[in-house]
Amino acid sequence: MKIRRRRDGAVVVSEIPQPVRLALLRLPLHLQISEGDSAHARLFPNPGGDADLGELWAEWVRPDLAKSFDTAERTVGMQLRRALGKESAEAGLIITPPLRDAWMHVLNRARLAIFERHDFSEEELEVKFPGEITTERDLLRWELAVYQVLLEVLVDAECEP
Amino acid sequence: MASLPPEITESPAKVARTQPRLEPALPWNVVVHNDPVNLMSYVTMVLRRVFGYADGHATRLMLEVHRHGRSVVWTGEREQAELYVQQLHAHLLLATLERP
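These protein sequences, in sequence, are chains V and Y. Everything in the first sequence is counted per this note's numbering, starting at 1 for the first residue and increasing by one. Everything in the second sequence is counted per this note's numbering, starting at 1 for the first residue and increasing by one.
To be clear, the hints were calculated from the coordinates, so they are not data collected in a lab. Even glycine gets a Cβ: it sits at the ideal position worked out from N, Cα and C. Just so you know, not all the hints are guaranteed correct.
[Said to hold, decoys possible] Partial list, derived from the structure: chain Y residues whose beta carbon lies under 8 Å from chain V:
1. Ser-41
2. Met-45
3. His-68
4. Val-72
5. Glu-82
6. Val-85
7. Gln-86
8. His-89
9. Ala-90
10. Leu-94
11. Thr-96
12. Leu-97
13. Glu-98
[Said to hold, decoys possible] Pairwise CB distance ranges, derived in the manner of DEER restraints:
14. V/Arg-137 / Y/Arg-99: 15 to 21 Å
15. V/Thr-134 / Y/Val-72: 16 to 22 Å
16. V/Asp-8 / Y/Ser-41: 19 to 25 Å
17. V/Glu-152 / Y/Gln-87: 19 to 25 Å
With the rest of the complex left out, here is chain Y (with noise of 0.2 Å):
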């Protein structure tokens, strides 16, 4: 008898080792750091143009990172991270994508 395809003869449990493991999709922060340079006004008028965030809010945010240095400015999926700190790269804004 012809011998069987080697992933039939694996016992389930090292089918099993041998998958990639999924982890849940963790969320990842946009942070935005403070710089001397750009002015708040402006920093502030970023943040409503690219999260759509309301003027308090945006202000809030970029109060924090002007007197923290620092601020979360959003947390969600990592592509979309990603795209948001591209877009604030794209007003010269330093922004960087970290884990919570």
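Chain V with its partners taken away, still in its complex shape (with noise of 0.2 Å):
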């Protein structure tokens, strides 16, 4: 797999193998949280002050972040349908900045539910890819792994243009 900048900002990747063509497919999976997911409280936490606070944040606040999340998300889902959904051996993503912000966040949003859905620990957290995937949790941990690389490269893309 190569990644490279281009003059214009965006991120290349190309030569995707297959194993992370699956896990960035397998991304709006992660994406999908109800209210009742151990995930839901993370991504919309509590903005302490006091009981008015937690009322307009329940009534006006929360609401309106949950659209700017779905709006990233349907974005990122549609770009990886397009450009991952056939199976290829010329499978590449190319991330504008202005789909920048939009990738950031489905990827970190995806490595949150992660992490809490699967009640992962730091010390787990730390491993990066694991040797071999034998189990689920080993599945998630190379996802985490890979997704944390993507992001990272952004995070550069954005900081240092």
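Join the two chains into one complex using the hints; note that each chain is given alone, in its own frame.
What follows is the structure in structure tokens.
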């Protein structure tokens, strides 16, 4: 797999191997978060302050946040289907600057959701790529690492244009 | 003679007691809390973006969050503080509003 940055700031990921392609295609799966989900409270945290602020948050802010999260999810989902939906040796992604925020949000949100939902420890996060994938937990750790690498590249692109 | 409206018959002292008390606008803190998932570079980027901080200042605040579990990243009027907390939540950071 090759990752490079173009002059226009776009991040180009090419020659994506099959396991990475599958990890990226599983992104939308990690984003489906219902109210009862353990990840829900992490994605929509309490704002602190007083009771008035809590009510304001519940009535106005959280629905607004949910809408912006959905927009990012749809943007990335569409690109994923177009770019990686069909198995191909030429699988690649071009994340242009206008799409960068949506991608950073989705990658970060997927990581947070996996961590909360599957009760990962901080130590498990430190061991980046599991040597062998034999359990679902290994697979999730692999995905956490894949998403982290891409997120780091996008943050670098944002901070060092 | 017709009686005066009640607000005029009341003594000034009583009127003063019934008016809402004006409290000085105390500042509020915006606090960012540590979480094990958000990348350090990402937190720094968000602090730069939301507050317009220089890289060095944003990095110092991020390290404070990382080492001490939390950092007061901004202090000021409540309305602005609420807006900042909302923006931090939009970036998936754990942030709260607190009285100093």
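Comparing the hints with the structure gives:
1. The criterion of a C-beta within 8 Å of any C-beta in chain V is met by Y/Ser-41, whose closest approach is roughly 5 Å, and the hint holds.
2. Residue-level restraint check for Y/Met-45 holds (minimum Cβ-Cβ distance to chain V is 5 Å; threshold 8 Å).
3. Violation of the interface hint for Y/His-68 is found here, the shortest Cβ-Cβ separation to chain V being roughly 16 Å, above the 8 Å cut-off.
4. Look at Y/Val-72: its Cβ only gets to about 12 Å from chain V, farther than 8 Å, so that hint breaks.
5. The beta carbon of Y/Glu-82 comes within 7 Å of a beta carbon in chain V, closer than 8 Å, and the hint placing it at the interface holds.
6. Nearest Cβ of chain V to the Cβ of Y/Val-85: about 5 Å, under the 8 Å cut. The hint holds.
7. Residue-level restraint check for Y/Gln-86 holds (minimum Cβ-Cβ distance to chain V is 5 Å; threshold 8 Å).
8. Annotation: Y/His-89 was flagged as interfacial toward chain V, and the flag holds, the nearest CB pair being 6 Å apart, inside 8 Å.
9. Against a cut-off of 8 Å between C-beta atoms, the interface hint on Y/Ala-90 holds, since the closest Cβ of chain V lies about 6 Å away.
10. Hint on Y/Leu-94 holds. Least Cβ distance to chain V is approximately 5 Å, under the 8 Å limit.
11. Checking Y/Thr-96 against chain V by beta carbon gives a least distance of about 3 Å; that is within 8 Å, so the hint holds.
12. Of the supplied interface hints, the one on Y/Leu-97 holds, with its beta-carbon coming within about 4 Å of a beta-carbon of chain V, less than 8 Å.
13. Checking Y/Glu-98 against chain V by beta carbon gives a least distance of about 6 Å; that is within 8 Å, so the hint holds.
14. A hinted range of 15 to 21 Å is violated for the C-beta pair V/Arg-137 and Y/Arg-99, which are about 42 Å apart.
15. In this structure, V/Thr-134 and Y/Val-72 break the distance hint of 16 to 22 Å, their C-beta atoms being roughly 45 Å apart.
16. Separated by about 22 Å at the C-beta atoms, V/Asp-8 and Y/Ser-41 satisfy the suggested range of 19 to 25 Å.
17. Hint check: V/Glu-152 to Y/Gln-87, Cβ distance near 22 Å, so the stated range 19 to 25 Å holds.
Taken one by one, the earlier hints fail for this structure at numbers 3, 4, 14 and 15, listed in ascending order.
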